[in-house]
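The whole structure should be built from the sequences, with the hints applied where relevant.
Basically the numbering used here = 1-based index in the sequence shown + 14.
Quick caveat, the hints were computed from the structure, so don't treat them as lab data.
Because the structure is a prediction, the values reported are computed rather than measured.
Derived pair list, reagent style EDC-like, types lysine to aspartate or glutamate, alpha-carbon separation capped at 20 Å: (1) Lys121 x Glu18; (2) Lys81 x Glu70; (3) Lys186 x Glu243; (4) Lys121 x Asp345; (5) Lys121 x Asp17; (6) Lys186 x Asp51; (7) Lys121 x Glu77; (8) Lys121 x Asp91; (9) Lys245 x Asp209; (10) Lys278 x Asp303; (11) Lys186 x Asp256; (12) Lys278 x Asp224.
Pair ranges (Cβ atoms, derived): (13) Pro216 x Ser86: 50 to 58 Å; (14) Gly141 x Val252: 41 to 49 Å; (15) Val63 x Arg307: 42 to 50 Å; (16) Glu280 x Thr220: 17 to 25 Å.
Virtual Cβ for every residue (Gly too), placed ideally from N, Cα, C.
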Amino acid sequence: MADEPLVLGIETSCDETGVGIVRGTTLLADSIASSVDEHARFGGVVPEVASRAHLEAMVPTVERALKEAGVSARDLDGIAVTAGPGLAGALLVGVSAAKAYAYALGKPLYGVNHLASHICVDQLEHGPLPEPTMALLVSGGHSSLLLAPDITADVRPMGATIDDAAGEAFDKIARVLQLGFPGGPVIDRLAREGDPSAIAFPRGLTGPRDAPYDFSFSGLKTSVARWIEAKRAAGEDVPVRDVAASFQEAVVDVLTRKAVRACKDEGVDHLMIGGGVAANSRLRALAADRCERAGIRLRVPRPGLCTDNGAMVAALGAEMVARNRPASDWDLSADSSLPVTETHVPGQGHAHGHTHDHDHVHEVSKDNLYS
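So this is what it looks like as structure tokens:
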């Protein structure tokens with residue numbers, strides 16, 4: 015274990031300031047500072063508020079992670095950071111911090127992909143990923159089916175949302191039901207007391223001529239909202255638990271059905287589910303049932319590793335180090351729309367034809383930067 019790479023990961027793509035430390039595939043620390051309460055009164059994440067919160071939380075969160083892991087910053091073999099996709103301003107805080115730590119410590123810097131990190135985090139719980147891995151990623155910003163022959167270099171999009179992501183739909187329906195933000199956990203809780211077959215909400219993109227692996231939740235969201243509005247207009251009580259259960263069932267039915275189909279079509283005998291919505295209890299239960307019937311092994315990290323965290327970034331960073339992938343340049347920047355096919359942002363001479371003829375880091379003493 016001592017020979018495995020020790021890597022610190024920084025995640026700031028949205029409203030969680032996450033710092034994780036892993037050694038190989040072993041999790042040593044997972045420190046998170048969330049600003050979700052600051053966004054609740056706005057009914058969604060405010061980018062400027064998130065960026066400021068990251069700035070304030072960064073150093074204390076890094077120090078807390080190092081203390082929890084029982085390691086010194088100078089012992090690290092590398093610093094990994096989410097370079098995208100995500101909120102541009104939030105990403106920049108993390109990238110800037112990672113560059114500062116990496117330069118001060120004289121360690122290699124790895125700008126990695128947020129979505130690939132969500133897949134790689136499963137190694138911390140269930141061991142090395144099979145190759146290829148089929149992954150269903152569902153969160154507030156993404157609903158994607160991905161095939162990953164090599165998590166550090168080859169991730170292929172199978173399907174994605176064409177409008178609202180699953181988590182976004184949960185938040186919007188929770189808002190219509192006046193349940194607060196974020197919507198996922200409260201809908202999950204109320205749905206357990208409701209009837210999932212009470213209301214026949216539509217399943218988007220499930221027709222014979224529709225894209226087999228793409229997702230659409232905008233029509234479902236509109237259908238649920240109109241159903242609720244009609245009830246209120248008629249002066250009737252809205253059966254909140256039944257609405258929550260029926261809406262949730264419509265979402266997880268489509269997600270699991272398409273994921274299992276992709277596994278069968280590609281001849282992959284396992285499925286990994288990640289992202290914040292993977293914490294949903296009904297999604298886990300239905301996926302387990304359908305995978306078992308299809309002879310597919312299901313891998314789902316514990317809920318704390320499904321939501322955004324630094325451990326997932328550190329996990330992918332450690333895999334980059336272990337496989338000798340090229341480190342990023344010092345002029346690494348944030349890319350809010352970084353495609354999942356770019357699992358990391360390699361340095362000069364490796365970056366898909368991009369070249370850099372300058373170095374933004376000033377010549378200063380590392381000892382002065384970090385003591």
